[in-house]
Structures are given as structure tokens and as C-alpha cells.
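Line by line, the protein sequences are chains A and B. Note that the numbering used here gives residue 107 to position 107 of the first sequence, counting from 1, and the numbers run on in steps of one. Note that the numbering used here gives residue 1644 to position 644 of the second sequence, counting from 1, and the numbers run on in steps of one.
Please keep in mind that the hints were generated in silico from the structure rather than gathered at the bench. You may find that some hints are simply not true.
Only pairs whose alpha carbons sit at most 35 Å apart, straight line, appear in this in silico DSBU-like list of lysine-lysine [said to hold, decoys possible]:
#1 A:Lys-16 with A:Lys-87
#2 A:Lys-28 with B:Lys-1548
#3 A:Lys-16 with B:Lys-1548
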Amino acid sequence: MYRIDPDRIDLVEAFKSQPFGPHAAEVKRMLNRLRWGSMQDRLVLVCVERHRRWVLGRLSGRRDRPIELDRSAQFTNLAQAEWEIFKRRWQQHTGRSLAGRVTEPAYDSSLGAARR
Amino acid sequence: MKQIVGYCDRWSAQPGDTIRVMVSTYGPKRFQAGLVRVICGDDRPLGPGFKEQPVAVPWQGEYPGRTQTNPTGSYVRVPASDSLTRISSFTVQTWVFATTPHQGRQALIAKWDRARSEGFALSIGADGASEIRVGDGAGAVASLSSGVPLLAERWYRLTASYDAASGRLALEQCPQFKLPGQASRVESRTGPMHALGACSLPLTMAALPDPTGDRWASDYFNGKLDSPRLAAHALDAASLADALSSGQPPSELLVGWWDFALDMRGDGVTDRSGYGNHGETINLPSRACKGWNWDGSQHDWRVAPHQYGAIHFHDDDLSDAGWSPDITFTVPQTWRSAVYAIKLEAGDDVTYLPLFVRPPADTATSPLALLASTATYLAYANSRITLHVDFAEIRRGHVLAYDAEEAFLQEHGEIGLSTYDTHSDGSGVRYSSRLRPILTTGLRTRVWNFNADTHLIAWLEHLGLAFDVITDEDLEREGLALLSRYRTVITGTHPEYWSTKMWSALAAYQQTSGRFMYLGGNGFYWRAAFHPTRAGVLEIRRCGAAAKYWDEEPGEYHLAFTGELGGLWRRCGQPPQTLVGIGTRATGFDRSSYYRFTAAANDARAAFMLEGISTQERLGDFGSIGGGASGLEIDAADFALGTPPHALIIASSEQHSPDMMFAPEEILFQHSMMSGEDNPQVRADVVFYETVGGGAVFAVGSIAWCASLAHDDYRNNVARLMANVLRRFLSPEPFVFRPGAEWREPPHASRAIPASVRLPGAAGGS
Ligand SMILES: [Fe+2]
């Protein structure tokens, strides 16, 4: 099975440069690996101001429970949010932090706007 | 966050109809109500621009807000009767197949007043074991447990009896498939109790009634019951079973012999005891389910109904939320046919409830009709795919970003599930009703189905073309007569669910000079059925290879409402290609692509649609959904599946993403050429062909198509092509096709095409 190599910062950089793709095959495999899993504890975004502002949320995996919101993590830019969640998952998955190993991106807020 | 939701008792209305609007607020003490005509509901910054037109109505204004709610959960209710209230001694028996035996106490058959502890109740106890309770309402209560928890999804026959004279209480738990330790027979003795059936509450199955007579039942059961019966004497299990195996109820003994194999299409529950203790189902439990005696020899309940004598109850079933109306109004004669929405505002939230207003009865006010895909809106109503399905993020290709509607759905199970979801016990949701708040059919919500269809409305508005609005439910009721009032009928972006009546009406329309434009993707996919008596209730069975989120129970592929085989129309032997030239090929939600014109675009027959367009251009290499006109769910022509031999494929999409993958029914065996990145067969086709009597069909093959119309203020080749086709389709000049060299045999000539399809030039055609 595909394993994420924590030294492949080139894949991280490739994702960072184009968080909504299109992704090269290997970048896609890394992303799918991070995205695979149950709904319990899944990090998600919850829109608090339509098309403008999102808050980080965590699913419980159970029905009829409110989504747990982390209001300290707010985003006005979906690409920024995608990057933030990627970093958290990458660290959890590989056991290593990306802090200091990659520079922080600055995204145009229109990125990802052609989604439903 | 949502602060206001609501629903109307109709989706489709005509002048003179009365509409009731039910509203609930969450926080705000007041709300504003008004009416708008819908132009474009897509409020994304990249979209065509949100546009609504306020319509003055006498009932607009401020209303007091309140929070409304409703119970969920299905059960059977049998009204109290003399024969039931006379009960003292009794024997109660049922087959049970529990799906969540460890979910707390669940009633199976009861005539029990939970406030007074009066009556009797056969239940599953808190420990998962069967249990019988009796109580006289004056403090004397006795209960007895089998002590052996039921195994999930196994049939057991439960029999409980009580002898009022001796006070002997007995309970037998008998597994159908013998496993060690599963059988149990227990007995106890208590003081004599009489008049156990005396309370005026109904007898219920799969829940306990509300003692106040309200609708808040309790102790809902998840699972199946089969052959429940009740005798007004204390019998042992064997003698009750023997008595019944004779086929005739011993008339004096039995006061209830409920046969769920009767009246399976509707809500009725028939008592064969002769005492007339008939009942009804509440909240649409699943009918036509395999019973304890299903032997695998039959898969169609119509052939062996006695093997389908089970009802599957769920604690989250819902047919009618039953909220109180806040606004009632009558549609005036002056409203023209259009898509309207009731606009509800409270706090900083707004909710829109769609209302499809038809022309006055038996009339058309335009040669063009937009057929609103209400069956599809209903199937998707309150879909929680992105909240429940663990591969939802992989499929989307980005982190799940929930709108206020999804956050509300996560918290409010009481407004019911969609047919994309599973029940709390894991079984698939087969029914959907529109008599409840539906958060997936609003303006300013995710661009999908109804809201995506407003792209088409906005384009028609831009062209200044008048059109009538009709809905799937109207088509179900009125059939061909409805369609035949129009020269041209167009669909929205996603007409996925079709009943047989709807399908037949459309096929007949095409055979009688009708012109049809299918302006989306994944259309004509699932066979659905409308409830025989309840308006606005749809049934589907998700069986066979198909794009689906749950899999139908083997042996239960036949719809309860009609008895027909469910599943894909393709699997029923009528592929969508026979009806509209194309059918589902692939799905992919990360991004869209463009089409390239084919050589067939230069055919003289296609000249009218390409006026002002160069066939060298890419078609739809733009669009507000995924950046292209071909995306989300895409359809292709397939001559082997019934695309008419003279159909022109004027454009095909290409360069799809690795996430655009074959639909399951397109795959026979897995291999590594499954996606649009590798396989040229992963594509959408734009198709045109003439039908008999001067009619024609035009189909675009993509859900994302209509999101390209507004690009560059409607100055683009998708909008141009569409306008060319629509104007020609609206002209009285007949389409004529003369069979020539291009008439080709399908690759599998032996494949049977439904007899209803006639083609021009063939015998009997024009
Ligand atoms: Fe669909």
C-alpha cells in the first residue's frame, strides 16, 4: 500500500502550489491517503458567512449531534483552509510537523470558487 | 446557521389551489414572509448572479415565529375496539427480526398505557431480550424476560400468554434457525389481573402510543415483524401455531390475525381474524419485505406474497411532519406559470420554499414547457451523503465544506432522511416524502438539482422566452395529455428518477411529434414509483450495479407501491439511450471539461444548431461548475443500448480528470482504464435525432452543462447552440429524416429495443 514519505516535501510543495488541483498522480495518492478514513473525528469546514467565512469543525461520526466547531480556526479563503487541514493531517499521519520545512502560502480568495 | 425552515403542502400548484405554509424558527420570535419569482438561485461569486423578482401578495409581512417539531418512527396503529378492550387473558405472538436489539426498550405488540402502566406489551427489553409486561392500571404490574438477548437480524418467534384467572404469565422465545442457547421458555405467577385491554388506547406494533392521544409515540422498534396475532385466551405457543397452520383462524380464539402480505402497496394493515381489527401504518415503514418464511425461491413479492409478510420499521421513518400552518393562501388566476418561491426571513437567515405554478387547468400558455424534476428533488430531499459517507471527501476532491443547510441536517434528524441515506439500523431509505422541511431545494443553497436548474430559468429569462412550468408529479398524474399541449418540453440538469407512467408518457410524446430537450446528465436512471394514494411520496429500490450509496436487500428488488422491478431503467431492459439517445457513462465531482465537435457536426441535419458557431472551437471550455460544460455526471450515446441508429453525435467531451470514473453499471470487470484521465470512453455526448411526426430529441449529457450558459454574459457557444436548438424546436416546421447511408445497424442487433420505440423511416413511422 502507498505510504507517505515524510521526506517528500516536493509533494507537499506541489499540493501547496495548487491545493485544488489538477494534481500529479503522486500528489493525488498522498491526498487520498490523508482523506481516507471514517467520519469520526474528520476535520471539515462549516460555513458561518455564506461564501465568505468558514470555521474548522470536527465530526463526531454520530447522527443528530452538532458539528463541534473550533472558532479559533476561521478562514475567509477556502484554499487557506485546505492547506491548514492538510498540514494537520500530514503531521498526524507522518508523525512530523511541516512547521519550518515549508513556507506559508498566500492564496487568492477566488481559488476554488468554481465548486458547487 | 439556519434560523428558519419550512415547507408547503404542495410543490406544484395551479390557479385556484390553496397552499399551506408551515414554518419553524430557531431563536427569532418573528419572521417575514413574501413571494418571489425565481430567476437565478445561484448566489456564488462566480455564478451568473442571484436574481429574484419580488411579487406583491396580500399575505406578505411579519408573522410570529415559533419552533415546530415532530416525531419520527414508523409503527402500526389498530384502533381500540370492543374485541380488544374485552381482553383479560390473552396470547400474543409474532415473528421478529430485530436490527438493533440493544438500543433500549422497543415495543413489538402492545396495548399499553405507559402513563398508567396498564394493559400488555410484548417488547424487546433494555437488555435485548424479549419481554412481556402486564399491568392493571391500579399499581399491579408484572413482567417477564426471556433472559436471552435476541441476536440482530435473526428471526425469532415470540409467544407470550397471560391467564387472568391464575395469574400465570409465560413467554417463549424460539429462534427460527436453531443456535445454542437462543431458545427460552419462562413462566411466572402473579396475582390475577383483569381487563388488560380496557384502556381506550389503540393497539400498536413497533411503538407504544402516546397516552394523551397525541402523536408522540415511544419505544420505537427497528426491524421486521411478521404474522402478529392475538388471542383472547391463554394458549401455548404450539397450539396457536397449529391453529394457524390450518390456514383458517379459529374464530373464537383469535381477535387479531394481521397479515402484512395484504395491502402491501399502501398504508393498510388487514386483520383476518374476522373481528375487523384492521389498522394502518404510520410514517411509511417498508412493505413487501421478506418474511420469516422466505425460502429464496421467489424474488418478486407479487408471485409469493405470503413470503413477503413482513414490515420493516425504522425509528427514523417519516411521511408527514404534520406541522401547523402559519400562512394559507390561494394561487390567484393572475399568476403566470413560473417557478416561484416563498421567501422566509428571520434573524440573519433566509429560506426559500419552491412553488411550481402551472397554467390554469387543462391549458398551456406557451408552446414550451420546463419539466421540473420533482421526483429527483424528492429522492435527494435532505440528503446527508456528505455527512455520513466516509468517501465523500475523496469523491469531492477537497475538504468537505458544509453550508448552513448541512449543519442543520446534521442536528435535525426529525425532518427525515433522503433515499441516498441509510436508516439508523443501516438499512437503506426507500421512501421520501415532501411533507416536511426540505433543505436541499432552496435558492441560495448548494448548486445541485433545483438550484442548478435555475441556471436554465435565468437563461430563458435572458432570451426573453416565455415558458410554462410542469412537474414530474403532474406528469405522473396526467401523462401524455399534459405533454401533448406543448411543442417542446425541456428538462433541468438532473432528471434522474422516473416512474413507469412518466417514462411511458414521454415515450408516447416522442412518438407523436413531441420535441424534447434533455439538458442535463444522469437522467432517466432509476425507476421510481409514487405512492398509490399519498401525494408526494416516492419509492426506490437501489438494486443491481449502479451508482448508489447503499445496496438493496436481496430478494426485495420489487417496489412495494407498484410491484414492478426496481433499480436502473437500464436493468429493467429500457436503457435511457432508447428514450433520449444517451445514458449515464461516468461521474466525477472535482472538475469539469469541454466538448469537441465531431465530424457529424458538419452533417446538414445539424446545420441549424451550429449557426454562428465554428466546429473548430472547443464547446463549453468554461463554466461556473468545475470550469467546463461537461462535468459531475455525464452521459454518452451507446448504439448497443438503444441510441437510435440515425442519431448524430455532434460533440463529445474529452480530457476528464482521474476522478471522472465509469459508473458501476458500465463496468463488467475491473481494469486500470477506469477514469477520464486514461479512457476516451469516459465522455459526454451531445446528441440530436429526429423522431416520427416531425419531432426531435436533443440531449447534452452533462449536469454541469447549464452552468456554462451564463459565461461571458451569455455570449458563448453553449448558449448559442442551445438558443439555436430551442428556437428551431419551437418553430412549427417539422423535422424530417430520410433514411440514407447513415442508417446503421446497432452493433448488437439482437438486443431487444422496447416495442414502444418507433423511429422515423421504419415501418409505421412518418
Ligand atoms: Fe444523480
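Quiz prompt | Given hint A:Lys-87 paired with A:Lys-16 - CA-CA distance at most 35 Å | solution = 10 Å, holds
Exercise. Sort out whether B:Lys-1548 lies within 35 Å of A:Lys-16, counting only the CA atoms.
Key: 33 Å, holds
Quiz item: Within 35 Å, alpha carbon to alpha carbon, are A:Lys-28 and B:Lys-1548?
Solution: 24 Å, holds
Of the numbered hints stated above, none is contradicted by the structure.
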